[in-house]
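K.L.:
Take a look at the letters that make up each chain.
Number of protein chains: 2
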Amino acid sequence: MEKFFYPRSMVVIGASVKKMNLGHIIVLNNRNNGYEGNIYGVSREEGDIAGAHVYDSVDKLPEVPDVAIIISPAQTVPDFMEACGKKGIKHIVIESGGFSEYSEGQNILEEKLLEIADRYNIRFIGPNCIGTVNFDIKMMMPFGFFPLTPAGGRVGMIVQSGGIGGSYLKEFGDNAIIPGKFAAIGNKLQIDEVDVLDYMIKDEKTDIVTIYLEGFKRGRAFLDLALQSDKPLIVQKSNRYDLTAKIAQSHTTALSVNDAVVDGCFRQAAVIRAEDDIDFINAVKIIRLPLMKSRRVAVLSRSGGHAVLTVDACAKFGFSLVDFPPAFIETVKTIYHTRVIAHQNPLDLGEIFDYTIFTKILEEALKLPDVDGVLFNHLYVSTYEAEMSRDFLGNIGRLVQQYKKPVAITMVTDANELVNISKNQGYPVFATPLSAAKALDVSATYYEEKTARDAKGIYVPSPVDMAAIEKIKKRCATEKRIPLTDEALQISGAAGIGCVAGVTVKSAEEAKKCKLAFPVAVKLLSRDASHKSDVGGVRLKIQNHKKLAEAISEMKKAFKNITPRPTIDGFLIQEMAAEGVECFVGGRQDPVFGPIVIAGLGGIFLEVFKDTSIRFAPVTKNEAMDMIKQLKAYPILQGARGKMTADMDAFSDIICRISQLLTAAPDIAEIDLNPVIVHEKGKGVSIVDSRVFFKSRV
Amino acid sequence: MEKFFYPRSMVVIGASVKKMNLGHIIVLNNRNNGYEGNIYGVSREEGDIAGAHVYDSVDKLPEVPDVAIIISPAQTVPDFMEACGKKGIKHIVIESGGFSEYSEGQNILEEKLLEIADRYNIRFIGPNCIGTVNFDIKMMMPFGFFPLTPAGGRVGMIVQSGGIGGSYLKEFGDNAIIPGKFAAIGNKLQIDEVDVLDYMIKDEKTDIVTIYLEGFKRGRAFLDLALQSDKPLIVQKSNRYDLTAKIAQSHTTALSVNDAVVDGCFRQAAVIRAEDDIDFINAVKIIRLPLMKSRRVAVLSRSGGHAVLTVDACAKFGFSLVDFPPAFIETVKTIYHTRVIAHQNPLDLGEIFDYTIFTKILEEALKLPDVDGVLFNHLYVSTYEAEMSRDFLGNIGRLVQQYKKPVAITMVTDANELVNISKNQGYPVFATPLSAAKALDVSATYYEEKTARDAKGIYVPSPVDMAAIEKIKKRCATEKRIPLTDEALQISGAAGIGCVAGVTVKSAEEAKKCKLAFPVAVKLLSRDASHKSDVGGVRLKIQNHKKLAEAISEMKKAFKNITPRPTIDGFLIQEMAAEGVECFVGGRQDPVFGPIVIAGLGGIFLEVFKDTSIRFAPVTKNEAMDMIKQLKAYPILQGARGKMTADMDAFSDIICRISQLLTAAPDIAEIDLNPVIVHEKGKGVSIVDSRVFFKSRV
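Note that the protein sequences, when read in sequence, are chains A and B.
Using my numbering, the first residue of the first sequence is number 65, and each one after it goes up by one.
Using my numbering, the first residue of the second sequence is number 65, and each one after it goes up by one.
Check the hints yourself; a few may be wrong.
Heads up, the list lumps identical chains together, so a pair's fine if it works in one copy or across two of them.
Straight-line Cα separation of at most 35 Å, DSBU-like style, residue types lysine-lysine; simulated pairs [to be verified]: (1) K621 / K266; (2) K621 / K745; (3) K685 / K696; (4) K397 / K234; (5) K202 / K747; (6) K620 / K707; (7) K176 / K745; (8) K487 / K176; (9) K124 / K487; (10) K83 / K269; (11) K357 / K310; (12) K620 / K576; (13) K747 / K605; (14) K424 / K624; (15) K234 / K150; (16) K577 / K151.
Worth flagging that the hints you see were computed from the coordinates, not collected in a lab.
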């Protein structure tokens, strides 16, 4: 990637000499803004753009440029690429559109590009993109007019859409955030977000990586990078709903992924997710400050009304208000003698107009060991207090670095002033108490998730009996069917997950010969019915052999009435499990993120409330416990409603094992243990049912 | 209230001649900004402020001013008020602070004010407020410097906090929203939000009323006004959490109210609730446009990336994308011949730079009968397209009025330009696709809620047998106890709510003599145990007399071990109810909103998921059905998980009756039918348990 950010020379193919076309603008941008490398054009007609020579063919170039930018009609791109290959150019950015973003399925032109690149060992970005910018060396590939930005920025940006990239950069400018390196990767036919992210994480000049994606090319590799990153990654992942999937496909050929999976995986890897531009920019603003290490805040406010709004916002995000200790109050009193102010948290500064006092009180608040961060409401009329407010912001910046705690400041002032101070002061400001508190929540949550991520512990060794699984898989393949319930239970058994005692019989007669511990459950085994209970194939609490025979006979009869008549493969007779909370543990091979594991409470919790936890596999014990704690229904496991505390240790063990099973056996497309009956603490779990699908379904 | 907004003359008491104090500034504001009425000052020293004469006592005033503004230290206010009374001044605004906002409980000074007002028949606003503004006549009571605003504004504003009021007015200015009448009511010791709201709803010069409240003084009266209002009411109600209640109390003596109750009541009365300043201002912006009458949208976008974000936002708010009909596509093609644009919704306008085409395509979209509103993403660089964008906004404004459908436009441009265009163009713009869609959601939701509110139907007559209730109440009062379960069931019975058949006995012997339809349930009746099941006082599915006697004996034994030993008042034996969904219906006399009714599913749905619907009583059948449909667990009643559809008609009937019971019998502080077993459609409900508390608890 280095060459894409530090090219010593570039050629823009499709930069017309006469017409102000897009290629022309790229050359102009670099010439005018101060890029010091050589830059050439290639067009039909020889000539000159602002001192850059334009050749009429690639092979006439006087040197082999580090990067070629192709911006010519789609159908001409392969030939130009071939010419670049012949010339020995190894890095290409294809900005032209008109590829798979306008066609369904694989695109012939794109296949050609891949073939040529392969032949010449070319690395390329695009097509359908605006390429990279390195603000430090004033190198800029986008085809719109591009403003000059200060050097020295340490925030990286990777975007899938040039339009969004442009609007993010605009927001950066409006908020005194200096970008460092920028890459818009478009259709990411070859180079994708993972390549660029890998580069930016290693890049010594980048501190924070901001990302806009509509889909993942290599989701798992992305997560693996994120897991290792000490730099905050702020990601806006759009294309979240079914309604959007079709549109996004035509926009940048994005692969759709379940949004809840993204949320789970991001939490696990401590990736900060932003919902819209405002969230995104606020996240960048706050994450540049020291992190909130816990959730105890002090609130200082120039308006009582805004103090109320701030405390509402604190409550919403789970912050607590520190009780100011007597020593603090004494100190504040020596700083400012007041008539009516109550020295409590939030502290009302309504009567104070001396900004040096604000700074002093803020410093005292930051000194308090119990305070993890401060919210400050600053209301002022720019006519009178603009200058003082700028000095004050400077002081805050200094104090924040000194005490290593964030101060989120809400600025209530006229809009022009807010724009002005946001744009020109380095210290971030927020528009409302709610957005300031939300920003601190981003900081605190990132700190929590990163701490948990880095202390996630080791994977409990859980060997998987691959031979046993292979045997069942072969049998199913031969018989062209899915695994039956007893086989599915054997598969989880191969990962060390025991199920309730059971026996498989072919008939009521055979059942009669078995020694059974009544009451039992009986389940019909059929290759044609994966949802047994839907077809009446499950009977519970059967008390004796006679009732068992009746149940089997009734099941058979019910099956006779279904057309086409399903095969009956037998009957699984199981001991009834003891009481407990009905949970489930499942997982699948996600097309984007690879093996993922899902857990939650069963029944309505799953189906009506969609209350699940998702992670990418394998997970450690700590991660599995975090999954359980994340559930909205967690209080039920803790013993709400007079129930016993559930055996979460055993529950999390099943989650770990399923996650390892899916990792070890990628042929298992999907597994679902449901219900997993979680008993009282110390009494383990009972697995009574399982479904498995192998990858090659029949 | 008229005099507070149209005073022909005013006096500011506490307006010092020499010092630029707060009263001085009030006089200045009115003199400088063009208030045409007479204005006087009262201070220790006679003199003149910008041509307004200052007298050294109230009785020296040359006329009786319509309004006196008092802004002197708190302890001097009663004497000045007395002087006003003597002078014959009937309208006073007390801006001074230092009253109950700094003390716990009732304040002696405030009691004095009420007494004086009562004696002289004075109406007053405050204390601790900034009073009213009538922008039309340039009359302004606040004590800060106040800018001149254009006349003719039709948006009213009522705020409890002057600081918030100021920041709202600033936001109005930044968004080309012209305020009409403004009132900051502070501690609202006498005049409160209801008085002002009533005035503004009737005021012919006000179209929309915006409100900031930390608490309600007369919650029910507020709702009754809202119910009748054809004008949109946009309310930011803060002080939402326990953490905030204490702070808000010291700020403006706000009474705390459960936030979920506010949400339920606002929905019922079609009050628009805003969470923060940004929501608030966006609501005002969108509500000034024609309303969204359903949720079908067209999306037009200059950027593919922003189209993706817009569709995500549409999905989030439940909007559907209209399929563009062939005729529309043909028309668009005649307007603009394109190379690659797919003529789908969202429509990508990326290649178009001619603004007249935008207007034409937008008009075609608005013409489509299936389109209820349009989202437009406008990205531009102000250097080149500022002027065209202003014209375009003007055109949108015209089209919106012509087609009576809202267009929410997202402006992605540099910050100064966004401020500029927001401030100076009348047509509202939004900063991100998410905020634009959220605004349309406010519009659509308001339309839905208002339509439902105005078509809520009539109250089903449900006579309440007050004599029966009175009898039980007296008995309980005499015996100094709460109603027992059988009495509680009789109380709901008095509202026509039948319960399962049951008989009350004193002993096992008495039970033996009863003819019972086994299986039965037995419940211990005790004045000392309102939560029967917590003390083992409920046994279900008892099969015969022998088991019943055992159960009664065991209950008695269990009670003997409790210290102090509770009284046993008897045993209620009930037939077991048939299966069904366990729901509850309850209600109470809310200190703020009066009688409210609450319904939901019982058990974990209530206790873990807090899944309830709340309305103020009484409710109509339609309102009760809306309560049921609002539940997250509604799919369970609809028959999710293979269950039968529940009898929602019968369930809603119970809700109506409980709501009427609480309205008819305000002495019932709280009633809770739990469980209400809702059977299959057509089979009604079974009420098996009830708890009632009267107001005078023992």
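K.L.:
If a hint holds in the structure, say so; if it does not, say that too.
P.N.:
Structure-based check of all given hints:
Within a single copy, K621 and K266 get their C-alpha atoms no closer than 66 Å, and across copies no closer than 73 Å, so neither meets the 35 Å cut-off. Proximity of K621 and K745 under a CA criterion of 35 Å is satisfied inter-copy only: 30 Å between copies versus 42 Å inside one chain copy. Taking the shortest Cα distances, K685 and K696 sit within 35 Å of each other both inside one copy (20 Å) and across copies (32 Å). Taking CA atoms no more than 35 Å apart as the test, K397 paired with K234 passes between copies only; the shortest distance there is 33 Å, against 44 Å inside one copy.
In this assembly of identical chains, K202 and K747 lie within 35 Å of each other by CA distance neither inside one copy nor across copies; the values are 65 Å within and 76 Å between. In this assembly of identical chains, K620 and K707 lie within 35 Å of each other by CA distance solely across copies; the values are 24 Å between and 38 Å within a copy. In the homo-oligomer, the alpha carbons of K176 and K745 never lie at most 35 Å apart, since the shortest distance is 61 Å inside one protomer and 63 Å across protomers. In this assembly of identical chains, K487 and K176 lie within 35 Å of each other by CA distance neither inside one copy nor across copies; the values are 46 Å within and 52 Å between.
Taking the shortest alpha-carbon separations for K124 and K487, neither the intra-copy value of 46 Å nor the inter-copy value of 55 Å comes in at or below 35 Å. In this homomeric assembly, K83 and K269 never come within 35 Å of each other (Cα to Cα): the closest approach is 37 Å inside a single copy and 57 Å across copies. With identical chains, the CA atoms of K357 and K310 are at most 35 Å apart between copies only, with a shortest distance of 26 Å across copies and 41 Å within one. In the homo-oligomer, the alpha carbons of K620 and K576 lie at most 35 Å apart inside one protomer (16 Å), although the nearest pairing across protomers, at 46 Å, exceeds that limit.
In the homo-oligomer, the alpha carbons of K747 and K605 lie at most 35 Å apart both inside one protomer (21 Å) and across protomers (28 Å), since each shortest distance falls under that limit. For the identical chains of this complex, K424 and K624 are neighbours neither inside a copy (85 Å) nor across copies (64 Å), given an alpha-carbon limit of 35 Å. For the homomeric pair K234 and K150, neither the shortest alpha-carbon distance inside one copy (39 Å) nor that between copies (63 Å) is at most 35 Å. In this assembly of identical chains, the alpha carbons of K577 and K151 never lie at most 35 Å apart, being 82 Å within a copy and 107 Å across copies at closest.
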